[in-house]
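Trainee: Listed here are the chains, written in short residue letters.
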Amino acid sequence: MKIGVVTFPGSLDDRDAARAIERAGGQAVSLWHNSDDLKEVSAVVLPGGFSYGDYLRCGAIASFAPIMQSIVIAANHGFPVLGICNGFQILCESHLLPGALTRNHELHFLCRDQKLRIENNNSVWTSGFKSNQEILIPLKNGEGSYQCDDAVLATLEGENRVIARYIGEDPNGSRNLIAGISNERGNVVGLMPHPEHAIESLTGPSDDGLTFFTSILHSLVGR
Amino acid sequence: MAKIIVEVMLKDEILDPQGQAVSAAMVRLGFNFVTGVRQGKRFEISTASTPTSDQVKEIEKAAETLLANTVIENFTVRVEG
Amino acid sequence: MAKIIVEVMLKDEILDPQGQAVSAAMVRLGFNFVTGVRQGKRFEISTASTPTSDQVKEIEKAAETLLANTVIENFTVRVEG
Amino acid sequence: MMKLDTVEIATNSPEQKQPYNELGLKDDEYARIKEILGRRPTSSELAMYSVMWSEHCSYKSSKIHLKQFGEKAVKSDALLVGIGENAGVVDIGQGYAVTFKIESHNHPSFIEPYQGAATGVGGIVRDILTMGARPIAVMDPLRFGLADAPDTRRVLPGVVAGIGGYGNCLGLPNIGGEIVFDETYAGNPLVNALCVGVMKHSDIKLAKAAGAGNLVVLYGAKTGGDGIGGVSVLASETFGSAGPAKRPSVQVGDPFAEKVLIECSLEIFAEDLVVGIQDLGGAGLSCATSELASAGTGGMQVYLERVPLRDDSLTPEEILMSESQERMCAIVEPTKINRFLAICKKWDVSATVIGEVTDGDRLRITWNNELIVEVPPRTVAHEGPVYNRPIQKPDYQDRIVSEKVSVPLPTDLDEIRSAILKLISSPNIADKSWVTSQYDKYVQGNTVLAQPEDSGLLRIDEVTHLGVAVSTDANARWSYLDPYEGAKLALAESCRNIATTGAKPLAVTNCLNFGSPEDAGVMWQFSETVRGLADACLELGLPITGGNVSFYNQTGAVAILPTPIIGVLGVIQDVRARTPMGFTKAGMDIYLLGREEFTLTGSEWAYLHNQRGGAAPRADLNHEARLVEVLLAGQELFNSAHDLSMGGLAASIVEAILKNGVGASIELSSTSEALFSETPGRVLVAIDPKNADALAKLSNSKTINCKKIGVTGGSELNINNAIKISIADLSKSHTEVFPKLFGNSERANRISA
Ligand SMILES: Nc1ncnc2c1ncn2[C@@H]1O[C@H](COP(=O)(O)OP(=O)(O)O)[C@@H](O)[C@H]1O
Ligand SMILES: [Mg+2]
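Protein chains in written order, with our numbering: chain A, 39 to 261; chain B, 36 to 116; chain C, 36 to 116; chain D, 151 to 903.
One should not assume that every hint holds.
Unchecked claim - Listed next, the in silico DSS-like pairs over lysine-lysine satisfying Cα-Cα at most 30 angstroms (straight line):
1. B:Lys-38 to D:Lys-372
2. D:Lys-495 to A:Lys-77
3. D:Lys-890 to C:Lys-96
Treat the hints as calculated values from the structure; they're not laboratory data.
Can you build the whole structure from these sequences, using the hints too?
Mentor: The following block contains the structure:
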C-alpha cells in the first residue's frame, strides 16, 4: 500500500514519517511540493518541519504549493490526509481543517513527551486505537496553540471531530486542550504532536505513534 | 518611493499571548498606565514605481489570501510616503 | 479610544529573511510588480484614558528598551484614532 | 564613493597612507604584507589580509602551542582527516565516517544574543556539511554570568532561543550541552556550538581548488553588509572599536536558507559534482577563495562584480570581507556545471559562477576588469604572523593554590537535608529543562539518548544498530587552579561520560576559551591547557581531530576562567545496549565505582561558600582508562549508570532518582563528605543483585574500587535511614530554579518569529 509523504522546502520530519509508514508495513512514496503529481498513492502525510521557514505564518506559504492543489481536490473527495505539526498548520491554512494554530501561550518552542487521549477512534488514521486510549508521544513546536471561534469549537465538539486531547499540564493554550481534529468526513486529520517520533521506544518515549500508521494501512486494505 | 503598507492584527476575540506578555512586562517595568497590548505584523511592500490603484487592489487580494489568515486576523492596506 | 502605535522594523541594512520569504511567495503567486517586502511588528498599546504626551514619551522609552531591539531594529511611536 | 584602488595604482603610489591599524593590523604585519607583495597592498588586499591575519582566522597566538596536538598524537587508524581541514573525520566502521567539531560564537552572542547564537549554530553546521557529511546533531556548551544578574536575563534566554530557533529549523536534534554560571562570564558569555555529521568514507570532501579551468561557484544567500569587520573587530580585539559606519556588525541568520542549502549540497555531493568545497564563515569570500586556492596550486581568478548582492552599495573591499551567512563556495568541473546549477534551481538556491581555477600560483580578483587583488593565496590563508607571546604564571597563582578550602560541612540531619536541597537548586546543578525543552531532540528519528543523559547518543545505521555518542565537558574551576590538570580532567570526564552510556571513546575535539593572549598570565593558562590536553590524549590514545580557539574573552583586566571545552566522540556497536542515567526500577543495588579520596577544591559546595582556592585534584588517566574498561566490559550488567561530576554524589543520585521517579536508600559513613566531595573518576551504577559477583570480579580485575552504597526503590531519597527527602521535594528544588529565573523573559522572544 503506497502512502505519500510530501517534502516542502524546510520539511524536517519527512524521512521520519516515511520510516513510520514502512515500519507499519506500508510503502512510503516521496512527493515533491513543486509537482501536482500524487503518484497514485492511497493517502498522504504532510510531515512536520518549518516549510519555507514558517516565516510568515506556519504553513501559510506551503499551502500554495502545487502539490497542495492536488491534495485539496483529492481530500474533498475523501482521500485520506494526515497533517502532523507543520502539516496540521498547512491543512488549516489550506482550509481543509477549520481554525488556526498560533503561538504557544508560553511563547517558547516546546519539546516534550506529551500524554494524549484519543477522543475519536473512528477516523481512518485512529481506527487502531481503543476508545479513549491514552498515549505518550513527542510534542515539539512553537506555534501549536489551536484557536478557533466559539461556533467552530461547538461544531468540532458536537460532531465528535476532536481526534486527540492533551492530558495533564496544558502545553500551549489550545482551546479545549485540542491536540488534533478531523474534517467533517473524517478523512483529513491534523495532529500537533508527532506520532512518527514514537514508533519504537529506542528513539521515542513509546511506540504508541505507530498505530496511526497501521490504522490507515488497515483502513485502506479494508476498503 | 511610496510603499504599500499592510497591517495585520489578530482579531479581538483571539487570544494574543505575545501582546499579553508584552503588556505584563510593561506593567512590571512601571508603565502602569498601559491597559493592554496587541501585537501584530506590518509589511512594507516596495514596487518598481509608484503603486497604481490596481496594484493596491491586488495587494488587498494578497493580504486576504496570503499575508493575513482571515480566520484569526484582520488587515488593512494603504499607500504611504 | 486613542491608542499608541509602535511600529518596529528591521534596519534597512539588516537581512530580513521573513520579508524575503514573503516577497518570493508573492512573486510566485503572480504579484510580479512587487520588488521587495520587509516584515516588521506593530504594537497597539491601550491606555486607560487618552494618552498624554508624557505617556507617549514613556512609551518611546519602552520601545527602545523592550519592544525594539535597537541593535538591529528601528521603531516609530505615534498616537492613532 | 572612494576611487577603486587597483594593483596598478598601488604599484604607482607606494606612499599612500592606509588604515591598517584600524583594521587591526600591527605595523610589522603591514610591513610584511608590503614585503610579500613587493608593493603596498590595494585596499582590497588589505581587507583580505586584515581579516585573514586576525587572531580568529590565523591562530597567530595559539599556533605554536597547538602544534603539540599533531606532534604528540598517537597514530590512529581511525583518523581519516586530521587537524587543518574544516573538521576532522573519523572512521567508525562499517564504511561510515563521522565528523564533529566545536566552534565559539562568544562575542557576537554578547552583543546580540539571539542572532549571535543562531549564526554560531549555522556556522558550525556549514563546517560539517563542507566535509561532505549530513549534519545529524548539535550540542551547545554555554557559560553565563551569575544566574540572577540582570544581564544574564537578557543574554541567556536570547542565546537559548537563538540556538533553538536555528537548530530546530534545520532539523538537527540537540543532544546535549552544558550551562554553567560564573561571574567572570558576565561580559563574556561563552556560546560554543558542536555539530556532528555522518557520511560514507567515499563521500569525504576537501576544501581544494584543483584543475585549471574548473569553475568557482558561489551559491546560497546573497551577499550583504553583514559582519563586515566582524572577524577582526568582534572576534579579535577587545570591545569598543566600531566597525565601518552604517554597516551592521551583527549577522542575522536565515535558518531556512541554510536548511535548503544543506539539502541542495547533499544532493550535489551525492552526484559527485564538486572537486572541492568550502563554506563561507568568518572572513567570508576572503577566506574561502584564499583557502581553496592555496589547497590547490594557488591559481584562481575571481570576477568579484558577479557576486550577487543584497545591498548594491557594497564596495569590493566590503564584499570580500562580508560575513553574510548561508553561503558556500564550490569548485566544479565545466562538464558538471549544468547539473550543479540545475540542482540549485530545484532547491531555489541562487548559484553564480564567479571565477575559475587557473594555472600559476596567484589569486587574482578583478572588479569590472580592473585588477584589485593579486596575491599568493598561501600568504593570506596560511602564512600569517606567528607569535610566541610572553608566558608567565600569574603572581596570584601560587597564592590561590595554597589556600586552604574550609567550608562548613553540614553535620546534623536537618542541616544535611537542607544542604542537599540547596545544592541541587544551585543554578549550576539545577534541572535545565527550561532550556532543553526549547530544543528539538527527536527530529531525524535517531536520537537514542539526549539531555539530561551523560552523553548524547545517536543511531547511525538502522539495520546494524551502529551508533555514536558525543559529550562535551569542561571544569573551569579546576582549570583556574591548575590549567594543566584541568584540561586532563575535562578530557577524562568527557571520556567517562561517553563510556557511562556504553560507547567507546574514539576521538577528541575542543574549543579553548580564554582571555587576552596579550596577557602573559592568560598565555600561561593557555599553554598549560594545551600541554595538558595533548598529554592526556597521548596517554589515553585518542586523536584530536580539530578544534577552535577563542581569545579576548575578557572585560577590562578580568579574564574569564580558562575554559577548555572538550568534546569526545565514542562508538557503540549496538545502540540498543546503551545505558541510561536514571534508576529504572526498584530492587536494584546501587554501587559507587572509582576513586575514594575526598576533594572539595573547586566543588560546587565550595563555590556556594565563595571559595575558589585550593589545589586541584590530579587527573589519574590510568585509572580513568581502567574505569572506562569496566564500564564497557560490564555494560550488560548495568541497569543504569551516571557519572559523578559537579555536585558530587548528592547531585548524581538525585538526578538518577528524578529521571524516572525511582527512589533510593543509601548508607554512607562520613555522610557530608561522601555527599559533597567532587573527587574525579567516579560513576554511580545500579545493577540487578544477582550480578553482584560479576561486577565485583570485573572491577577487581581492573583494580577499580567498587562499593555498594544502597538499593533503589521507594519514593524518597533515604540516607542512613535518618535523612529522608521525598521525590516531590527533590523535584521541586531541582526544577523550579530556571523557570523562576528566566520564565518571564519576553525579550528573548522579540526577534523570533
Ligand atoms: N545548553 C545545553 N544544551 C543541551 N543540553 C544541555 C545543556 N546544558 C546541559 N545540558 C544537558 O543536561 C545534562 C546535565 O548537564 P551537566 O550537569 O553539565 O552534565 P555533566 O555533569 O555530565 O557534564 C547533560 O545531558 C547535558 O547534555
Ligand atoms: Mg555527566
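Trainee: For each hint, tell me whether it holds in the structure or not.
Mentor: Quick rundown of the hints versus the structure:
Restraint check for Lys-38 of chain B and Lys-372 of chain D: the C-alpha separation of about 23 angstroms stays at or below 30 angstroms, so the hint holds. The hinted pair formed by Lys-495 of chain D and Lys-77 of chain A meets the criterion: a straight-line CA distance of about 23 angstroms does not exceed 30 angstroms. This hinted pair checks out: Lys-890 of chain D and Lys-96 of chain C have alpha carbons roughly 26 angstroms apart, not beyond 30 angstroms.
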